[in-house]
Amino acid sequence: MKPHQIQIDEQGRLKHFISIEGLPRDLLIAILDAAQSFAGVGERAIKKLPLLRGKTIATLFFEPSTRTRTTFELAAKRLSADVLNINVQSSATRKGESLLDTLRTLEAMHCDMFVVRHPMSGAAQLIASHVAPHVRVINAGDGRHEHPTQAVLDCFTIRRVKGDLSSLVVAIVGDVLHSRVARSDIHALNILGVGELRVVGPKTLIPPGVEALGVRVFYDLEPGLRDADVVIMLRLQNERMQGTLLPSAHEYFQAYGLTAAKLAVARPDVTVMHPGPINRGVEIDTAVADGPHSVILQQVSHGIAVRMAIMSMAMGSQAAPRRTR
Amino acid sequence: MRLRITGGRILDPAQNLDGIHDLHVAAGRIVAIGDPPEGFTVEREIDARGRIVCPGLVDLSARLREPGEEHKATIATETRAAAMAGITTLCCPPDTDPVIDTPAVAELIHQRAEQSGRARVVCLGALTHGLKAEQLAEMRALKRIGCAGVSNALVPIANTEVLRRAMEYAATCDLTLFLHPEDPWLSQGVMHEGPISTRLGLPAVPETAETIALSRDLLLLEQTGARAHFCRLSARRSVEIIKAASDRGLRISADVSAHHLHLIDVDVGDYDSRCHVRPPLRSPRDRDGLREGLRDSVISAICSDHQPHDRDAKDAPFEATEPGISALQSLLPLTLALVEDKVLNLSQALAAITCQPARILGIEAGTLRVGAGADICIFDPEAHWTLTEENIASAGKNTPFKGWDFKGKVMHTLFGGKLVYTEASR
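Protein chains in written order, with our numbering: chain Z, 1 to 325; chain C, 1 to 426.
Treat the hints as calculated values from the structure; they're not laboratory data. Remember, it's a predicted structure, so these values are computed and weren't measured experimentally. Note that CB positions come from ideal geometry on N, CA and C, so glycine has one too. Check each hint, because a few of them may be wrong.
[What the hints assert, rightly or not] Selected chain C positions facing chain Z (Cβ under 8 Å, derived; list incomplete):
{"no.": "1", "residue": "Gly194"}
{"no.": "2", "residue": "Gly225"}
{"no.": "3", "residue": "Ala320"}
Between the sequences and the hints, there should be enough to build the whole structure, so can you do that?
What follows is the structure, encoded as structure tokens:
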């Protein structure tokens, strides 16, 4: 079943959140609007809303993560849900248990929602197609495929900073080949009708046929950044900094690292984003990461509001669980 | 048993025969087409009016999973499925566990097949010991026990010196090499490289994974003078390369799986692990190139590339699933569909699954010649049917063709003159 079929129920409501691809525009806008209403919760003295009281949410991470997991956990707690953190990497799968066996075990503990990160593309969809009808699945990143909540928070941030997207030039720079953030961002920005969308990187890190996703490809940074309103830098994984994809981190920084000087060809009010965690001096210079154009830390706090919106909307379509006799 | 098949359209591409005749079988052999031999008395009669009577199909590649992976399938289950599919000869690659690198393993497989009695199983012997691509296997002994050729199955031979010597030794033994052209470094992926793999974020295999290995193998074949068969081509460019080499006079042949003639990378859809195959399903242009290769006789055989799996092997994230399709029953209908699609005429289509694979294996099969063993497939060319979970006879239910409307249904299968399958509804 296609992800956009599996993640939306008969009434057109959000059921699971697996991918941005195939998400209707009005639903994406509804999520962004809902996130807007949650954005103030963190600044209140009492940071909790009772929306998910009595619900159990399990974060199921087959891959290490600090910020995504923490913001999901915080978002769930602000919605008054009980949170179960399961680090699958260190437990069950090491003993040879299959993904679906792990899932069934957790289902027996009556969880209402799984927040899943997995190193393999398509894993979240596989899980969503195997859970009981009342259980909800949120994709927190599957292989190189999608990281849909990150894309929503990126769009949320761009919307807050820039307002209308239709005239913007957005450049996504770096390791597009391995990046699920890039794929989700590309889909989300195209759904929202961004003015121009570019990807920038060396041939080794730009996957073949990426133009079909609706982007212009630039192999050099300067033309890629020219007149850009928003620059989204992608993280370069340590193990990819030297080998057959790139000769060295140093050379990568020389060619594609974002410095204040290189940024000068972009619009004067350019916004710089990064999904984190950042590699200072590899893909981005400290002066830019901490500089006036950077919204990297705002992205993190927006992540909580966006995840609250997605979790509450997905759970809002939940039918009563079938009673077991 | 003395048997008469009456009123069928006898179609045997091996002897250019196409016409309505009676066919007579006695003592396991075909004894006459047309009038019965003198003094022939009929013990059993099969009414074949409206049916096509052709040689039992010869499948160039079917994994039977025995020995080693009996939790997936056994020789007993898969030969039963073969009989249902009209297949009377199955060629088993050497990547069993243990590997077919000693006569004992081949003998075990032959024995199990004989016990089942529903189809002939022909083995390919290992090209290198343990398929490790280091030391030559005992090819002479493997030939003596009946192996039809030698192969390293899906294990690439990266070391060109090993491959060169293996070719020379196989040529010395007058054995055909069955080669899977696949570059070990470029093939570290699970689907065809292109816009679909980019969209799905799956590690991908470019066409050059096949064409580079193929070109290298051909140059070594030219040098060594060995005879080779190329298994499971997936790319249009490969067809062009094979054609050029044949024109230079190399002793080579090639096959394609039935699914590569019908499916493309788009069919992977959203991580449908049943379409995870090796080599991967490629672009529509590649599929059409393979069809043209077949039409132009650059590719001479179609095989099922049958790979039955247990559920767990396919119930995982796409990258973690095992490649392969359970494909015996779809071989005949998918081949006949090429006639509907005007790629081949009926005789050419049947040749690709009868006499041509038999010729590649160098065995006496795939013909209805008088005196030949009575391996016969009788099918209804007009009958429509649907492949479902329930009517899949193989132990492996892993096929993307479930729910497809197939035209052409096997009604009877005879193996060595013995009726090994009769369609139940008759």
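*Going back to the hint list, which numbers does this structure go against?*
2
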